[in-house]
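Given only the sequences and the hints, what does the whole structure look like? Please build it.
Number of protein chains: 2
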Amino acid sequence: MTPSCASKNADLPYDRVWNFSAGPSVLPQSVLEEVQRDLLNYKGHGMSVLEMSHRSKVYGSIISDAEATLRRVLKVPDNYSILFLQGGGTGEFAAAYLNLMASKSVREKQQKLGRPLACDYIVTGGWSKSGLKEVERLGANVNVVLDGVKSATTGETVYNSLPPVSEWNLGKPEETAYVYYCENETVHGVETPANFVVDAVDPSVPVICDMSSNMLSRPVDVSRFGAIVAGAQKNMGPAGVSIAIVRKDLLDRDESDPEVTRNIPSVLDWCYFDGAASMPNTPPTFSIYVCGLVFKWVEGQGIETMEKIRNERAKMVYDVIDAHPEFFHGLVDKKYRSAMNLVFTLPNAELESKFIAEAADCNMIQLKGHRSLGGIRVSLYNAMPIEGANAFVAFMKQFYENNH
Amino acid sequence: MTPSCASKNADLPYDRVWNFSAGPSVLPQSVLEEVQRDLLNYKGHGMSVLEMSHRSKVYGSIISDAEATLRRVLKVPDNYSILFLQGGGTGEFAAAYLNLMASKSVREKQQKLGRPLACDYIVTGGWSKSGLKEVERLGANVNVVLDGVKSATTGETVYNSLPPVSEWNLGKPEETAYVYYCENETVHGVETPANFVVDAVDPSVPVICDMSSNMLSRPVDVSRFGAIVAGAQKNMGPAGVSIAIVRKDLLDRDESDPEVTRNIPSVLDWCYFDGAASMPNTPPTFSIYVCGLVFKWVEGQGIETMEKIRNERAKMVYDVIDAHPEFFHGLVDKKYRSAMNLVFTLPNAELESKFIAEAADCNMIQLKGHRSLGGIRVSLYNAMPIEGANAFVAFMKQFYENNH
Chain A
0 MTPSCASKNA DLPYDRVWNF SAGPSVLPQS VLEEVQRDLL NYKGHGMSVL
50 EMSHRSKVYG SIISDAEATL RRVLKVPDNY SILFLQGGGT GEFAAAYLNL
100 MASKSVREKQ QKLGRPLACD YIVTGGWSKS GLKEVERLGA NVNVVLDGVK
150 SATTGETVYN SLPPVSEWNL GKPEETAYVY YCENETVHGV ETPANFVVDA
200 VDPSVPVICD MSSNMLSRPV DVSRFGAIVA GAQKNMGPAG VSIAIVRKDL
250 LDRDESDPEV TRNIPSVLDW CYFDGAASMP NTPPTFSIYV CGLVFKWVEG
300 QGIETMEKIR NERAKMVYDV IDAHPEFFHG LVDKKYRSAM NLVFTLPNAE
350 LESKFIAEAA DCNMIQLKGH RSLGGIRVSL YNAMPIEGAN AFVAFMKQFY
400 ENNH
Chain B
0 MTPSCASKNA DLPYDRVWNF SAGPSVLPQS VLEEVQRDLL NYKGHGMSVL
50 EMSHRSKVYG SIISDAEATL RRVLKVPDNY SILFLQGGGT GEFAAAYLNL
100 MASKSVREKQ QKLGRPLACD YIVTGGWSKS GLKEVERLGA NVNVVLDGVK
150 SATTGETVYN SLPPVSEWNL GKPEETAYVY YCENETVHGV ETPANFVVDA
200 VDPSVPVICD MSSNMLSRPV DVSRFGAIVA GAQKNMGPAG VSIAIVRKDL
250 LDRDESDPEV TRNIPSVLDW CYFDGAASMP NTPPTFSIYV CGLVFKWVEG
300 QGIETMEKIR NERAKMVYDV IDAHPEFFHG LVDKKYRSAM NLVFTLPNAE
350 LESKFIAEAA DCNMIQLKGH RSLGGIRVSL YNAMPIEGAN AFVAFMKQFY
400 ENNH
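So the protein lines, in turn, are chains A and B.
To convert, note that position 230 of the first sequence is 229 in numbering that gives the first Met the number 0; the numbers rise steadily by one, no gaps.
To convert, note that position 321 of the second sequence is 320 in numbering that gives the first Met the number 0; the numbers rise steadily by one, no gaps.
Any copy, or any two copies together, can satisfy a pair, since identical chains are not distinguished.
Derived DSS-like pairs (lysine-lysine); straight-line CA-CA distance at most 25 Å: (1) K56 - K367; (2) K171 - K132; (3) K149 - K132; (4) K367 - K42.
In case anyone wonders, no lab produced these hints; they're calculated from the structure.
If you want it as structure tokens, here you go:
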């Protein structure tokens, strides 16, 4: 039998593997090489970025360059702040809620209403579900706009599609603090199309979007969001830093009233970070530095190119799935399937184990589906070269030939 | 005139500087070299630690080895958990308060008392002051045990010593949730002697200690603390990870009562991290990896050696200060001066600027005192070789000769 890969991947950069991890995940080779080169002596300053005081001029340039580059790449309008934070996506679940509820405009609306405003949650998979649970725990008055879809066969809730907007249970604008959703569900492989949610929501209600796993993979009209939050470790850089892009009017609040801020620990307080250019305390200096290099790498290609490559990579894999639907079973409704995390099953668990093992033999790793879903998940983030997708597709085809 | 350094520091490792930053700060040369070597391909796994899934076996070993090494180095007893967290010291200000107040034993004590327990704060400088302010903001019932000392000349509060224990305003054990202090004040250069606080506090009251800036610089009897918390970026590793060593009985709480946990965002929830071996969500993977290498480096020498070197380095500098008190004015009471952050002034601001500029010419950097204090601050953390302290002392002496 022909092995599923002809060689150990001639396209692979020397001794590396194709890393299809859902995150932390592959970084651009050129970025890693620059990090390595400068590791003991950053641009002649005689020290590593790992050792650098965040109050030094050199580091000041590193973080402000990173911010400026991200602002250019995503065309972030001037009335939005870009914050570098800690605590990952999970930190931002809480931060988004705590900061929005402290916002002057939200508090005024609540006062007018005379009872707690609702926090509208759109649940399309594991991560938005976790976001919902976090704010429930913190005492939010939650309104579930939608929670996946009912399986036609079992009647159970599944996360493989979205119901039509006409069926969404959006609250009345005057009763709603904000609408929250996660644009790409890393576990379930469901990606909401660009502008799909902001088009459905009354423009007076701030939309908070978790873009952790599709950030920088396509252009985004930032002006339509109240805030965009994202952990860096999928498309932007290493773990340990998260980013919030926040409309500045939402940071306006009455600091003189201790009740306003009494539930917000400083590390989750967007205003605290906004007032000190993301450095009220020591930021995750090295992670931000690497993110800055990734932002420059994206800028060098342009965000439109990132989108083109993103769609090309995903199409190659989905084409194989669609060509052999009796063997590769895509788990998500075609309209909403993710270009970042592609999930599918094989005819049985044995074949899935074999697929994963043979892929590993071909230097393709981290293909096991999330424990809650099983099957195969291949993550094709920004830094995955088209050659990686090529190699994977060639492997899929050969595996099909050998095993169908 | 003889320049203040004879050469550009023959002892300096090739093109590096002597980095006396208060944090982030110098890391061991050998650790940086290992990080650099493995940056694109960690031990043959074909990827950088920066890209590694935290759920992979390889990373699982990295984090569990780091924990195990720290446990050995500090002889952490089995009834203590070691947690890797995000949010720095500032995050732990809030986390310590929120988690302690949710602890079963603390809540039972409060119920017995019939009114809010006090949180006892020992304020010896800028960092414990910030810790106090954070919990005040979060609504704590604070009892200030001491707040620096009164200046004999101006009557103002200054942070250069501690009042005698007989003057401390410790609450009654049955009315106190916990006692909090910061063992080494990075800004003010005040270091509380080992066991000084735990000796003064009733053993039934948990003592929470912030050891961010003297961690791993001397042995510590962990068993005497309720919890030890520390940001990594001074003595342990890069910024972006903090550590909590928590007595397990304090993690016992009634999870069925939503009121208990309703103010604790997940990222600050010690139980959430304890229940998932520090990985309920993506941890700051790379920072933890580097910390693990530093822990091994400390273990290779032994914590007793770290203490010997720490004391030796500091003594060299303080000896010069004490030999010329009319020129080098140490700011802290000798009994409490820090071996980590040594603060002093020169006869005037002009000489201080000259000192800093000439030191920079000799490749010695980050010597400017904190903006709240002025003068000179030289930080001599674990990774500062004795040669660095030698070079600094030689510079001090020559500067004195040239300028007194």
